[in-house]
Amino acid sequence: MVNNASTLICFIPFLPLIAFAINIFFGKQLGEKSAWVTLACSTCSFVLAMLVIRPVLSGAVIQVNFDWIVFGSGALQFGFLADPLAAIMLFVVTCIGSLIVLYSIGYMHGDPRFSRFFAYLGLFLFSMLGLVLSTNLVQIYIFWELVGVCSYFLIGFWFEKDSAANAGKKAFITNRIGDVGFFIGIALLFYGAGTVNFTDLTHEYFHHHHQAILGIAGLFLFCGAIGKSAQFPLHVWLPDAMEGPTPVSALIHAATMVAAGVYLVARLFPLYEAFPHSASVVAVIGTTTACMGAFIALSANDIKKVLAYSTISQLGYMIAAIGIGAMSAGMFHLMTHAFFKALLFLGAGSVIHGTGTQDMREMGGLFKAMPKTAWTFLMATLAISGIPPFAGFWSKDEILTHAFLHHHPVVFGLLLAAAFLTAFYMFRLVFMTFFGKTRGHFHAHESPAVMTVPLMILAFFAIAAGFPGSPFMHHWFQAFVLPGEAVKANFGLMMLSSVVALSAIGCAYYCYIVKPEMPARITQAIKPLYQASLNKLWFDEIYGATVVRLFQWLAGTLFLFDQKIVDGAVNGSARVGLWISKIKNWIDQYIVDGAVNLVGAITRITSSILRLFQTGVIHHYLLVMFIGILMILYGITK
Amino acid sequence: MIPLHHILFFSSTLFCIGLFGALSRRHVVGILISVEIMLNAANVNLVAFSRWTGLIPVNAQVFAIFIITLAAAAAAVALAIVLTIYRNRKTIYTNEIDLLKW
Amino acid sequence: MNFPILTWLVFLPLLGMLAVMLTPKQNEKLIKQIATVVSALLFLLSLKVLMAFNLHDGGIQLAEKVMWIPQLNVHYYLGIDGISLPMVVLTALLSLLACVASYGIKDRVKEYFALYLLLETGMLGTFLALDLFLFYVFWEVVLVPMYFLIGIWGGPRKEYAAIKFFLYTLAGSLFMLLGILAIYFTSTPQTFDMIALRQNNFAAGFQHIVFLALFLGFAIKVPIWPFHTWLPDAHVEAPTPISVILAGVLLKMGTYGFFRISYPILPEGAHWFAPWMGILAAIGIIYGGFVALAQTDFKKLVAYSSVSHMGFVLLGLASCSAMGMNGALLQMFSHGVLTGALFLLVGALYDRAHTRDLSAFGGLGAVMKVYAGILIFVSMGSLGLPGLSGFVAEFMILLGTFKIYPVITGLSCIGILLAACYMLYTVQRVLLGKVNPKWEKLTDMTGREIFTLAPLMIVTLAIGVYPILILKFMTPAITALVGLLS
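Chains as they are written, first to last, in the numbering used here: chain A, 388 to 1025; chain B, 12 to 113; chain C, 148 to 633.
Please keep in mind that the hints were generated in silico from the structure rather than gathered at the bench.
Remember, it's a predicted structure, so these values are computed and weren't measured experimentally.
Glycine included, every Cβ here is placed at the ideal spot set by N, Cα and C.
Take these hints with a grain of salt, some might be off.
[Stated by the list, open to error] Quick list of in silico lysine to aspartate or glutamate cross-link-like pairs, EDC-like style, CA-CA up to 20 Å:
no.	chain 1	residue 1	chain 2	residue 2
1	A	K923	A	E547
2	C	K516	A	D498
3	C	K305	A	D498
4	C	K585	A	D549
5	C	K588	A	E547
6	C	K253	C	E175
7	C	K516	A	D689
8	A	K415	C	E175
9	C	K305	C	D591
10	C	K581	A	D498
11	C	K516	A	D549
[Said to hold, decoys possible] Listed next, the stretches of chain C that the computed footprint assigns to chain A, with coverage defined by at least 3 CB atoms under 8 Å from CB atoms of chain A:
no.	region
12	159-173
13	259-273
14	308-322
15	580-593
[As the list claims (entries may be wrong)] Partner residues are not named here, just some residues of chain A that face chain C (Cβ under 10 Å, in silico):
no.	residue
16	N553
17	R563
18	F577
19	L945
20	D949
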């Protein structure tokens, strides 16, 4: 069974790659049939993944390796590794991936670049599965970048829009900033620990090798996660990434790719466990992000932007969980979040598909027009808000319990506050969208079955995905991820978080249904806070004024420097050469050649005197000759 | 028998006349004639010495005849040159022909 | 040694040049055919060398050695090893593709192809020569046709660019000549034989000075910051195929010099100067990236990106480690392929739009679909996307160097970030956004253009996915070289 699985595991990532190749080269001929190619491949991947996960569930670890780079003395290996962590991600990615491909058939219908979209989806699934199944950090880095580029392609899918083109570029570059740190982390670990294989970087390993450099490596590696999982301060790309088609937002920017950062941190959990200082940085960043995302989401009016900030906030939850040592809870929340956030995005996509707008201020009262969408959306909202027994409740509560029991009061308090805000803004969204009166001018209609079926399947998971980690199943999930971890349910805390969530829903109900004029009054009362939230804490402006400006300035200045100074030096030396040659020329002309000419001149002056004797008249010559002869005769005779 | 010094006096007179003519005439033909006169003065000298000295007389007379022949040839060449110069420069006055000037 | 394959490799283009010169001027078609056939044969020969190459031997193979000038102990000595092999294959490949890309040359076709073939002889000779004297001769042979190819078939400022290129490089090679002579006169017995010279243990001080002299010569060719300013001018003015050769092959001659001459013969000097080379490399990487970001001329942008990318080669060299140097050699190959492709793409765009001003474009992704696909592919390779060759090379360089110069390497990583910035910015300015109505009528790539680009893309992808394909040729030679260094 295990041997069989180690063969099958190789096919899981490559099936979507085949779909990519087919769609890229034959997309034109296939037309809208290309979607079925990707769907078939991703479904096959899902089935294979199930076959691979089965032995993992019974405790086996599946691994295949081969050489990738050889150098001098060593080699870097690549391969596929399926252990509990990977199995969870494998399940999430293939399951949600297949559902979203199915959904996209309806959503992308009629798009001029239909086949290209499904090609990119195939490439993304390949990269994401490669990432999930990586055996070492280098491989994860490679697929990390590949999912990044897929995200770039898909955000900028409608590239005629400048905003989409900009958003794609921003996403890629922001991620690259994190990746630079990630790379340095890999290098530090490579030389500090001598290995980058996950199977070597175990708890025992760090117990024996406790150099400070490894802790620093952990911090740098976390930079990658900050970029990819849109954590503070590199979160700015994710809201902009909503320019992409909604299925993409659901798949890449909510459920799978952005969770890769969390996955990375979870993978390196032994490292953070061994270095509490690094871990506390992770916790601080996570908590900050969770609160910040929730705060900004309060005032957003674009339905997808609300969800984007919500994603940022929830990712912060997961990161914070791992930072305080609740790795299994973080992974649990990753899984449940993947399902209900994918559902939320797909529901939002369905709404956008039905109404043609993304602005919540124009929506309202859609419950009747789009019942299936509305019901499933409500399920997901209840899940994210942490209402028992929906999935989000169990995972979120698990994190809060851990924070409380392991004496992280600040983290606990802040996360609880974030939970309140989450429930509030999510129900604000639901009330503004589905309840009340329709404010815009459109004729809303329910989406086709190809879109609503995935919604319903996801809704099932949004309800049920929490049970494996709940006390009803004796925290089976946590034991699977981290064997030996003792998890206890705390009913007091469960009550508390439920009450917090319910009161937030109550507030939202009061503000948006009972007294619709309340929000305006509140914003008036706390105007500075409202402005801060509305302007996303001015992150884009600050970055624009500092980092971007600095880069532009550097680019411009260095170019000038290059032209004027460096090239100037080259041209200057050429000019000096010319100068010297001119001086030399002068010396040559007037001194060296002058001496030669002087000899000539003297000769000429002499000759000009002498030539007076040459009259050319023959008589004179004869006379002279005669006189000469006479003188000779005189000489002889004398 | 005419004494030798008479003849020598005659020939030197003749030479001086020729020399004077050569130096003073501007006309090329005149100069040529003067040169001929000088040559003939030399001839007279040669003939006179062959007569009045004890040397083999034939030698000197052969010289004289050789000079006459040469003079004739020279005159022919010179006249040809003169003709060419006249054709080119339309004059045969030597003061107007200063081709030798540098 | 029945068939002197390396000699054929070097002098076949020269025969081709003679054939071109004997062809009547009007018969342009025949001239092009001759040049193409010769270049194709050359490529096949290089593949034959690849087949004949023994993977497990880190030393010189297929050597051909004949006494040339006995009075000076100069040999005609050709040979190939894992370092020159990739360069020879790259040269042969790019020569063929650039030759096909040269069909667009309109005036003085005969002279063009004659000079072009002479250039091929010079380049291959440089990579195959194992005698310093012979090396110098071929090195200079390259300069002359290049000068004319830029100076006659170039753009508006061609004279300036050609003269700058020629004089600058010549100035460098004079230092190199001095270094070569110093090595010759100091060695016992006096020899120009590069392999024999490795046995000489020169005094440390001597090594430092000679290394510097050689460094100047090679640095200008690479070009290493701050000797790089001839490059943008030469690239911008040169016709497209010549830009391809210039970026793809000529720059590599400089770094190849380090691999072939400076490092093995002067290991002491190499160790002494390596930290400075690392610093220069880091400056070049960051500086080139920033300046590329400020460009509006597509060709100039690619030229400055070359400065940045060649900085990585230097960084790998500075590491003196097996991984770094392997990466450096791979980067040379990969940069040759990718930048060659980029220049071909710029040329294709220029042929259609007659401008290289990036701000004038936009939205071409919807007009020229195949072009857009290829440009994105190559840009991704250039910015170091995993799965394409550039990444593997840069990754190996950075990882290999990190242990020795962590700070310099860390700073150089900014170069990767900058590469993403300027390449994506370029892609956006050319392909994305709304279509400028002026360019709506532009035609997509022709079959000939795709033919010139497809092999480069395949090579990039193959190496990126499975780098052992090429690393297995390099590794034994690099291991031997690192052995010499320590």
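Structure-based check of each hint:
{"no.": "1", "hint": "A:K923 with A:E547", "result": "violated, 26 Å"}
{"no.": "2", "hint": "C:K516 with A:D498", "result": "holds, 16 Å"}
{"no.": "3", "hint": "C:K305 with A:D498", "result": "violated, 47 Å"}
{"no.": "4", "hint": "C:K585 with A:D549", "result": "holds, 18 Å"}
{"no.": "5", "hint": "C:K588 with A:E547", "result": "holds, 17 Å"}
{"no.": "6", "hint": "C:K253 with C:E175", "result": "holds, 9 Å"}
{"no.": "7", "hint": "C:K516 with A:D689", "result": "violated, 32 Å"}
{"no.": "8", "hint": "A:K415 with C:E175", "result": "violated, 39 Å"}
{"no.": "9", "hint": "C:K305 with C:D591", "result": "violated, 29 Å"}
{"no.": "10", "hint": "C:K581 with A:D498", "result": "holds, 17 Å"}
{"no.": "11", "hint": "C:K516 with A:D549", "result": "holds, 18 Å"}
{"no.": "12", "hint": "159-173", "result": "violated (count 0)"}
{"no.": "13", "hint": "259-273", "result": "violated (count 0)"}
{"no.": "14", "hint": "308-322", "result": "holds (count 3)"}
{"no.": "15", "hint": "580-593", "result": "holds (count 3)"}
{"no.": "16", "hint": "N553", "result": "holds, 8 Å"}
{"no.": "17", "hint": "R563", "result": "holds, 4 Å"}
{"no.": "18", "hint": "F577", "result": "holds, 6 Å"}
{"no.": "19", "hint": "L945", "result": "holds, 5 Å"}
{"no.": "20", "hint": "D949", "result": "holds, 5 Å"}
Violated hints, listed in ascending order, are 1, 3, 7, 8, 9, 12, 13; each of the other numbered hints is respected by the structure.
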